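Work out the full structure: start from the sequences and follow the hints.
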Amino acid sequence: MQDNYPDRFSCRDRNPHISSDVHNSTEIPAGDVKPALTTVMQAEDLTKVYGDLTAVDHVTLSVEKGELFGLLGPNGSGKSTMIKMMTGQIRPAGGSAHVLGIDVMTDPVGVRKLVGIIPEQETPPSFLTAAEYLDFVGAIRKIPDIGERAAWWFDFLDFADKKDVLCKDLSRGTRQKLMFAQAFIHTPELALIDEPLINFDPIMQDVVKKYLAGYVKDGNTVFLSTHILEIAEEICSRFAILHKGRLLYTGATADLGDRHLDGLFLSLVQKERHV
Amino acid sequence: MFELFFAMVKEEWRVHSTIFGNLSFALFPVLIFWIALMGSFLLPVFREALPAGNLSIVIHSTFLMLGFMVGAFGLLGTEVMNRRFGQASLLSYSARSLPLSERVIFTTFVIKDTVYYFFLWVFPFGLGFAVASPFIGLPPVVPALLLLTLTLAFLYGLCVIFFLSTVYSRSKKILGVLLLVIAAGIGGITVLTGTNPARFFPPLILFTDFSWEMLAVSCTVILLLFVVSLLLFSPDISGTSKHYQNRLSPLTRKLSFFPSPPLAAKDLIDLSRSGSLIGQTLFSFLIPLVVIWFFLSVLSGYFPPHGLLLMFSCVTGVIASTMYTWLTMFDTFGAYACLPVSVRTLIVSKITSFSVLQLIPAFFIAATALLSGEGLYLFPALLLCIPISFFSLGVTVWLTGLSPSVLVYDVKVMVTYLALSGLAVTLMSGLAFTDPLYSLAGLLLLFPAWWFMRKGMTRWESREQPGF
Numbered sequence: 000m001q002d003n004y005p006d007r008f009s010c011r012d013r014n015p016h017i018s019s020d021v022h023n024s025t026e027i028p029a030g031d032v033k034p035a036l037t038t039v040m041q042a043e044d045l046t047k048v049y050g051d052l053t054a055v056d057h058v059t060l061s062v063e064k065g066e067l068f069g070l071l072g073p074n075g076s077g078k079s080t081m082i083k084m085m086t087g088q089i090r091p092a093g094g095s096a097h098v099l100g101i102d103v104m105t106d107p108v109g110v111r112k113l114v115g116i117i118p119e120q121e122t123p124p125s126f127l128t129a130a131e132y133l134d135f136v137g138a139i140r141k142i143p144d145i146g147e148r149a150a151w152w153f154d155f156l157d158f159a160d161k162k163d164v165l166c167k168d169l170s171r172g173t174r175q176k177l178m179f180a181q182a183f184i185h186t187p188e189l190a191l192i193d194e195p196l197i198n199f200d201p202i203m204q205d206v207v208k209k210y211l212a213g214y215v216k217d218g219n220t221v222f223l224s225t226h227i228l229e230i231a232e233e234i235c236s237r238f239a240i241l242h243k244g245r246l247l248y249t250g251a252t253a254d255l256g257d258r259h260l261d262g263l264f265l266s267l268v269q270k271e272r273h274v
Numbered sequence: 000m001f002e003l004f005f006a007m008v009k010e011e012w013r014v015h016s017t018i019f020g021n022l023s024f025a026l027f028p029v030l031i032f033w034i035a036l037m038g039s040f041l042l043p044v045f046r047e048a049l050p051a052g053n054l055s056i057v058i059h060s061t062f063l064m065l066g067f068m069v070g071a072f073g074l075l076g077t078e079v080m081n082r083r084f085g086q087a088s089l090l091s092y093s094a095r096s097l098p099l100s101e102r103v104i105f106t107t108f109v110i111k112d113t114v115y116y117f118f119l120w121v122f123p124f125g126l127g128f129a130v131a132s133p134f135i136g137l138p139p140v141v142p143a144l145l146l147l148t149l150t151l152a153f154l155y156g157l158c159v160i161f162f163l164s165t166v167y168s169r170s171k172k173i174l175g176v177l178l179l180v181i182a183a184g185i186g187g188i189t190v191l192t193g194t195n196p197a198r199f200f201p202p203l204i205l206f207t208d209f210s211w212e213m214l215a216v217s218c219t220v221i222l223l224l225f226v227v228s229l230l231l232f233s234p235d236i237s238g239t240s241k242h243y244q245n246r247l248s249p250l251t252r253k254l255s256f257f258p259s260p261p262l263a264a265k266d267l268i269d270l271s272r273s274g275s276l277i278g279q280t281l282f283s284f285l286i287p288l289v290v291i292w293f294f295l296s297v298l299s300g301y302f303p304p305h306g307l308l309l310m311f312s313c314v315t316g317v318i319a320s321t322m323y324t325w326l327t328m329f330d331t332f333g334a335y336a337c338l339p340v341s342v343r344t345l346i347v348s349k350i351t352s353f354s355v356l357q358l359i360p361a362f363f364i365a366a367t368a369l370l371s372g373e374g375l376y377l378f379p380a381l382l383l384c385i386p387i388s389f390f391s392l393g394v395t396v397w398l399t400g401l402s403p404s405v406l407v408y409d410v411k412v413m414v415t416y417l418a419l420s421g422l423a424v425t426l427m428s429g430l431a432f433t434d435p436l437y438s439l440a441g442l443l444l445l446f447p448a449w450w451f452m453r454k455g456m457t458r459w460e461s462r463e464q465p466g467f
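Protein sequence lines correspond, in order, to chains A and B. Residues 0 to 274 in numbering that gives the first Met the number 0 are what the first sequence lists, from first letter to last. Residues 0 to 467 in numbering that gives the first Met the number 0 are what the second sequence lists, from first letter to last.
No lab work stands behind these hints: they were computed from the structure.
Under the rule of at most 27 Å between Cα atoms (straight-line distance), these lysine-lysine pairs were calculated in the DSSO-like manner:
1) A:Lys209 to A:Lys162
2) B:Lys241 to B:Lys171
3) B:Lys253 to A:Lys162
4) B:Lys171 to A:Lys167
5) B:Lys241 to A:Lys167
6) A:Lys64 to A:Lys209
7) A:Lys64 to A:Lys216
8) A:Lys167 to B:Lys172
9) A:Lys167 to B:Lys253
10) A:Lys162 to B:Lys241
11) A:Lys167 to A:Lys141
12) B:Lys411 to B:Lys9
13) A:Lys208 to A:Lys162
14) A:Lys141 to A:Lys64
15) B:Lys411 to B:Lys454
16) A:Lys141 to B:Lys253
17) A:Lys270 to A:Lys243
18) A:Lys208 to A:Lys64
19) B:Lys241 to B:Lys253
20) A:Lys141 to A:Lys162
21) B:Lys172 to B:Lys241
Restraint-style ranges between C-beta atoms, simulated for each label pair:
22) B:Ser271 to A:Gln120: 20 to 30 Å
23) B:Trp12 to A:Gly50: 12 to 22 Å
24) B:Ala366 to A:Gly93: 52 to 62 Å
25) B:Ser255 to A:Gly50: 44 to 54 Å
26) B:Lys9 to A:Asp44: 38 to 48 Å
27) A:Gln120 to B:Ser341: 17 to 27 Å
Which stretches of chain A does chain B cover? Using the computed rule of at least three CB atoms under 8 Å from a CB of chain B, they are:
28) 88-94
29) 127-135
30) 154-166
Small disclaimer: the values here were computed from a predicted structure and weren't measured. Every residue, glycine too, gets a C-beta built ideally from N, C-alpha and C.
Okay, structure coming up:
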């Protein structure tokens with residue numbers, strides 16, 4: 000593991016692969032704006048309609064700074080649509096959304112400047128190599144020490160041997176690693192990540208889960224969308240359950256007590272189906 | 000095989016109808032039918048200016064071009080699957096999960112494309128002409144024969160491009176030699192017989208003087224080219240771990256004077272590594288334009304002095320504007336959705352890369368002017384070609400944003416594009432025919448071009464980017 004990665008961008012104390020003596024700095028990359036907010040993400044009455052289908056139905060939720068918030072739901076429940084709306088990739092049919100104090104409808108590019116995003120499908124440009132893609136992201140995001148950061152991520156996610164291979168020739172797992180790296184390479188205060196673990200093997204899942212836990216402990220926020228309940232229960236501090244575009248439940252993982260998340264999830268979803 | 004064929008046809012229809020809506024896309028063949036019908040009623044007027052033989056050359060060359068277009072779009076060697084379908088999971092990928100070989104799937108894919116685009120373009124045109132023919136005094140055998148020869152012209156375009164692109168995917172050197180042989184053959188025919196080689200185009204010969212022998216020869220050539228192409232076809236094998244040197248950073252530094260250097264660098268790398276720069280230049284630009292030159296030269300008697308070069312420059316301008324699709328066809332906005340990049344920034348970057356690519360038509364027009372002994376008219380020719388290209392680009396950006404190769408099948412888009420580009424070509428060629436110096440007026444086209452581009456950026460910035 001490389002030791003010269005700028006410590007201000009890592010969470011080395013939480014990551015077993017990184018020495019723990021260099022994690023204390025909280026220096027912010029130049030150019031990043033970090034508004035002093037408690038609520039980092041706020042959706043009010045957010046709605047998205049595709050023809051006859053209401054993909055997201057009047058959803059109101061907020062995410063606080065330092066949370067690892069899980070958005071849970073079965074396939075097609077509207078999780079990815081929520082992330083797309085919150086990052087200005089698609090426009091809501093109704094309601095409003097603010098991310099880090101920015102209205103996503105009036106300044107979607109401003110939102111994407113500040114946050115990190117892992118989209119639903121891993122789509123790095125086909126004819127760039129993995130290293131070129133991270134350079135590309137660095138040039139777009141104006142990250143001065145992109146080479147150093149990229150080298151750290153190649154080492155950390157263990158795909159340095161693939162850095163000169165074209166993205167179209169990478170396996171799904173390696174593409175997922177690349178998308179994970181691009182989302183965190185500028186050390187965003189908030190990351191919105193859609194099924195980030197689905198293509199990883201158990202070892203890499205463990206590495207990434209620990210990284211995310213450390214990341215929020217450093218004061219950052221992660222908004223994670225997944226349908227894998229075990230992962231959500233293990234790492235999320237708070238969660239919301241979405242079904243057919245409607246918000247069924249919001250609560251803290253700690254409040255589950257003896258109950259398990261899958262029990263709560265199944266009872267809520269099945270109840271909703273009967274309704 | 001039949002199940003796969005019908006499923007592929009259904010799939011192709013659904014891809015189009017999902018994008019444009021069932022009704023809108025169903026109207027596309029109706030539009031072609033309508034154009035043919037109305038055009039046929041104008042035939043008696045055309046005939047006074049243009050003999051029927053020359054008119055048939057124009058129509059057959061159009062369908063040959065159509066075959067080139069469909070072929071170049073879908074059948075570019077090893078990149079075909081990626082280019083055509085991107086990340087989408089379609090039946091063409093079913094070799095991964097079904098007991099079907101890549102070759103069987105690809106053969107079905109070619110047959111499907113032939114049949115599908117026949118009914119989309121060729122048949123409605125033939126039908127429109129057939130319906131109009133009794134009213135303009137033509138016997139029923141003429142539209143039937145025209146439908147046959149137009150089909151053959153379309154198939155010639157398709158199989159020639161298919162053949163050349165599969166040779167290209169095997170060996171660029173062999174393709175180069177092959178093209179030289181073809182060029183030498185065409186040159187030889189021109190010199191030895193003193194006849195324009197376009198007149199030896201089998202569908203044209205069939206139309207003017209039908210014989211079963213010529214029909215058999217035509218069908219055999221088409222079949223042979225298809226079979227050889229299918230034998231030469233090599234499926235794209237992904238998952239190779241070939242290593243590439245990092246070219247993005249040095250290129251970004253070199254292009255630092257561009258509005259978005261990393262985006263421009265990415266475009267150039269995409270073009271070079273995908274084979275588009277050579278492949279598209281050959282199959283979507285040079286070969287169609289060489290053919291257009293031969294067909295236009297048949298009509299040179301109807302042009303004023305130097306009119307052929309000037310008209311050709313106008314047409315080259317329109318063809319050159321399609322280079323915008325080279326830059327956008329496999330680069331969807333989805334790849335940028337997680338980055339702070341606006342649609343406007345991306346369009347500006349594509350326009351910048353497009354401007355660099357305009358060196359290709361500029362060199363091509365220069366070469367044509369010099370080779371045809373019209374070097375004196377190079378400047379007017381360039382003043383027609385490049386502004387028309389930018390004007391058509393402006394219209395394309397306004398109408399289609401970042402998805403020109405998909406939205407072209409929207410009836411409204413197609414009609415507006417043809418009308419506006421046609422207007423520019425008519426206006427500019429008219430002026431240039433009056434006096435080549437009037438080609439300077441071409442520069443004025445840059446104003447509406449700029450206006451359309453700005454309007455297009457505002458339009459597509461305010462819209463949700465389509466996911467295809």
